[in-house]
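Given next are the chains, with one letter for each unit.
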Amino acid sequence: MLDHMTDLTPITALGATAARTESFGALTITENADLGLASLALRKGQSAPQPFGLALPGVGEVVSSGDYGAFWTGRDQWMFEATGKAEVNFAAMLKAEAPECSVTEQTDGFTAFEIASSQGAAPIEALMRKLVNIDPKALGSGQVVRTGLEHMTVFLIRRADDRLAVIGMRTLAGSLWHALAVAARRLED
Amino acid sequence: MLIPHPLLGLRDSQEFTYLGDASLMQRPDASAQNAEAEFCDYVFLRDNPAGEHRELWFHEQGDRSWLVVTRDTTTHEILGAELASDVKGAVK
Chain A
1 MLDHMTDLTP
11 ITALGATAAR
21 TESFGALTIT
31 ENADLGLASL
41 ALRKGQSAPQ
51 PFGLALPGVG
61 EVVSSGDYGA
71 FWTGRDQWMF
81 EATGKAEVNF
91 AAMLKAEAPE
101 CSVTEQTDGF
111 TAFEIASSQG
121 AAPIEALMRK
131 LVNIDPKALG
141 SGQVVRTGLE
151 HMTVFLIRRA
161 DDRLAVIGMR
171 TLAGSLWHAL
181 AVAARRLED
Chain B
1 MLIPHPLLGL
11 RDSQEFTYLG
21 DASLMQRPDA
31 SAQNAEAEFC
41 DYVFLRDNPA
51 GEHRELWFHE
61 QGDRSWLVVT
71 RDTTTHEILG
81 AELASDVKGA
91 VK
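Those sequence lines, one after another, are chains A and B. Positions 1 to 189 (my numbering) are the ones given, in order, by the first sequence. Positions 1 to 92 (my numbering) are the ones given, in order, by the second sequence.
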């Protein structure tokens, strides 16, 4: 035991010790502080690996299996997600699965907010219409898009018709939460 | 204004940033004898056409790809878009 060590308290992207969750009518927004993220890029001419048994998804698509998932971010580039892997070296796990590819740690660069609707797709789509210039009908279940939301760059992942994940820059977590919460609150009126 | 991204379909031009003339992709050979004169033209000289213009746009709030967008400078009509990596690959 090192008694000179500073007593550090881990905090989430929003600055609290516990992940934030808040409900606005049919919509509940939850900070997903457990999500490990790492990006994978193929080098020129490389064939696609299958990390964690996942076939790399095509343009604008998402795949998942158990605790692991991957979504397309650009040509020959993907982001991998892992539930409960925020506090371990998930990038090293991914690199071990695909040693030939370029892998970069992303957990500390992003924050994920999960939005769930208790009344089907309609409240999710109403929220999207308020916030982004993306046709909600074109972002069906299993699809992902990167776009601008109040001048912030975000990934929108339609995990299901009634669930949308918003992954944005970690340093802007407070502003992103504010944008989502204000829009969701206004939908209640 | 909407840009027809070759992979992602019609996307809001606000997601993009603009660089300039697509001829910037033809960088002169730095080891050539006349490299200084070539680079001088490359850096400072631009055509300024009234009409069709091929230009580089970066999909910053998107898939981070570079596009070669053909735009009519007199009407701002977007006539087409290609991935710059494909254009570059075809030249070589």
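Check the hints yourself; a few may be wrong.
Residues from chain B shown here face chain A by an in silico Cβ test under 7 Å; the list is partial [claimed, not checked]:
(1) P6
(2) L10
(3) D12
(4) Q26
(5) R27
(6) D29
(7) D63
Simulated from the structure, these hints should not be mistaken for laboratory data. Virtual Cβ for every residue (Gly too), placed ideally from N, Cα, C.
Unmet hints by their number, sorted upward, for this structure: 1, 2, 4, 5 and 6
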